[in-house]
Amino acid sequence: VKNISSLRCSRETRETVSCPGVHLPAKDDIYLSMCFMGQYRRSECLPAVFPLLFHEKMTFEKVFRYAVDPGDIAVMLECKLISVFFMRQEFSSNV
1 VKNISSLRCS RETRETVSCP GVHLPAKDDI YLSMCFMGQY RRSECLPAVF
51 PLLFHEKMTF EKVFRYAVDP GDIAVMLECK LISVFFMRQE FSSNV
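full-length UniProt numbering puts the first residue of the sequence shown at 1, with every later residue one more than the last.
For the record, the hints were derived by calculation from the structure and aren't laboratory data. Honestly, I wouldn't trust all of these hints.
[What the hints assert, rightly or not] Restraint-style ranges between C-beta atoms, simulated for each label pair:
hint, residue 1, residue 2, range
1, R65, L24, 38 to 48 Å
2, Y66, H23, 28 to 38 Å
3, V63, E90, 29 to 39 Å
4, E78, D29, 29 to 39 Å
5, E90, V17, 32 to 42 Å
6, R41, P20, 25 to 35 Å
7, Y66, T16, 36 to 46 Å
[As the list claims (entries may be wrong)] Derived DSS-like pairs: lysine-lysine, alpha-carbon spacing no greater than 30 Å straight-line:
hint, residue 1, residue 2
8, K80, K57
9, K62, K80
10, K62, K27
The C-beta atom is built at its ideal place from N, Cα and C for all residues, glycine as well.
Please take these sequences and the hints and turn them into a complete structure.
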């Protein structure tokens, strides 16, 4: 029986976004889209009014097989980008 070591890394996020002086067109809702460690998450839609309060948790989790030192994973994750997008939910009138 082989003894394989691995470490699990997870990241939870909750966001509040404020942009003083910025006004969004109120006709379409918006949502938060995030990408981290090759995983995509999307929030529920919110009215396009600042401050945007995202109360839901987005969890990103990855198992690093054969990893034994958490410090090595921390160094590797320092180079990873977290992409955050605010997307407009457009509703088609051709339904």
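Tell me, which hint numbers fail for this structure?
-> 2, 5, 10
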